[in-house]
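J.: Here is how the chains run, residue by residue.
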Amino acid sequence: MTDSVQQQVFEIIAKQAKLDVGSIKPESTLKDLGVASLEVIETIFDIEEHFDITLPEQENADFNAETVQSLVDAVQKSLDEKAAAGNGNDA
Amino acid sequence: MSMADRRRVVITGMGAAGPHGLGAEVLWRRLREGSGMIAPLRHPFQDKLRTRIAAQVPDDVDLTAGIDERTLPLLDRVSMLTLAAAREAIGQSGLDFAADGLGLRTAVVIGSGVGGDNTHDEQSRRLYAEHATRTHPFTIVRLMMNAPASQVSIAWGLRGPTFAVASACASTNHAVIQAAQMIRNGMADAAVTGGAEACISYSALRAWEAMRVLADDTCRPFSANRRGLVLGEGAGVFVLESLERAQARGATILAELAGGGMSADASDIVMPSAEGASSAMRQALDDAGLAPEDIDYVNAHGTGTPANDVTETRAIRLTFGAHADRLAVSSTKSMHGHALGASGALELVAAIGALRDGVVPPTMNLDQPDPQCDLDYVPDTAREMPVRAVLSNSFAFGGLNAVLALRRAP
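One line per chain: the protein sequences are W and F, in this order.
The first sequence maps to residues 1 to 91 in the numbering used here.
The second sequence maps to residues 1 to 410 in the numbering used here.
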């Protein structure tokens with residue numbers, strides 16, 4: 001499951017950064033990948049739309065500097081919370 | 001500041017995007033020919049609307065051309081129209097903003113009545129109709145009223161005074177006057193100014209329908225059978241600079257922006273006042289140092305609504321006295337529709353064309369005389385005549401008036 005989430009997140013980032021998905025490493029930051037300022041916000045938005053989740057505001061602010069693995073982890077955490085709640089965040 | 005102290009301002013570039021497609025010269029040619037640009041409404045929700053007609057940018061016009069791929073997602077249609085018009089105007093001017101730090105001394109003032117209305121409409125629909133829980137993260141940067149001005153500033157690296165002006169249907173003329181004032185008083189050496197509007201959204205169409213001012217077949221300014229205005233969209237952008245700079249660099253001067261007048265009716269929010277409109281025209285003449293007898297042509301606001309056309313006729317008579325009967329007056333809205341905040345921009349193209357070529361564009365669809373509209377509205381066909389100076393009128397809901405005075409290029 002984690003690999004699948006990671007793969008999907010990487011594909012969304014690759015599309016935004018116009019990169020080959022294979023070039024994205026877990027330790028990369030969005031800044032390293034050339035995803036700048038507002039594009040980071042759009043990437044987060046695309047990820048939220050794709051998984052039908054809402055990532056915490058506070059963590060969003062740091063995604064630019066943190067690794068893409070931290071983004072994957074945040075997505076996984078949101079998905080787990082959503083599953084535990086028994087219905088979607090967007091009910 | 002006395003007339004002698006201030007710098008004279010000239011126009012050295014013009015660009016337009018609108019129901020004619022792209023290009024200020026194309027627009028001017030269509031207006032000279034009396035070629036109507038009002039067409040059946042094209043809208044995804046047109047079946048829900050009573051409105052059947054509009055003056056829209058043709059579908060085959062690529063508004064994204066020349067815009068960086070990474071910038072495109074940040075742009076509402078109103079900014080795309082602005083950038084298309086700005087690219088043409090700046091190109092025609094031949095100004096090099098990188099040379100001598102000119103970019104630091106160039107202002108950008110763009111008027112719009114409603115700004116990024118399509119973005120606002122679309123994102124609101126997502127929230128309310130589709131029950132989305134979030135809007136697109138670029139919603140704010142697309143819809144903010146200063147987006148067109150900011151995007152022009154970013155695209156050409158212009159770092160002088162940059163802001164938006166919003167005064168409904170007078171937005172362009174207010175913007176152009178602000179830009180000219182900054183050049184006159186030395187706050188800027190050049191300016192990119194004009195107006196843009198992309199207001200053919202479902203919610204805007206519904207709102208205009210509710211006001212009961214939309215015509216159902218065409219726009220007939222000053223004609224007894226006029227039934228209202230026809231909504232349009234577009235942008236017009238102009239490059240202004242001091243006469244000295246333009247002459248020093250051997251630029252082609254399209255016209256002199258001789259003056260501007262602004263006033264408020266301070267009465268009814270939608271019913272125009274002849275006194276308020278006349279006050280703005282008088283101020284424009286005084287500011288330009290022109291006598292009423294110096295004016296040969298007035299590009300009227302001429303919306304085709306019963307209230308506007310009679311009041312504007314009275315205002316012109318109040319301003320010009322006996323000379324009113326010797327003026328050519330026309331409303332090009334009969335052809336390009338009413339692009340609200342951008343109307344003054346499309347009409348400034350007409351005013352410049354009239355001065356430069358000595359041709360007054362016609363008022364189309366004027367097929368029934370109205371005793372209350374008794375000026376020479378140049379019906380049906382353009383008129384070749386000497387044009388020394390012109391006024392271009394814009395009057396807005398809210399009772400705000402802004403009038404430009406132009407002279408032939410020195």
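Do not rely on the hints blindly, as some may be mistaken.
In silico lysine to any residue, SDA-like type, Cα no more than 20 Å apart, as pairs [what the hints assert, rightly or not]: (1) W:K82 to F:T133; (2) W:K15 to W:F45; (3) W:K15 to F:T133; (4) W:K15 to F:H136; (5) W:K15 to F:F138; (6) W:K31 to F:P137; (7) W:K15 to F:P137; (8) W:K18 to F:D68; (9) W:K15 to F:P73; (10) W:K18 to W:K31; (11) W:K31 to F:R70; (12) W:K18 to F:F138; (13) W:K31 to F:M385; (14) W:K82 to F:R134; (15) W:K18 to F:L72; (16) W:K15 to W:D52.
If you're looking for bench data, these hints aren't it; they were derived computationally from the structure.
J.: Quick check: which numbered hints come out false for this structure?
T.: Structure breaks hints 3 and 13.
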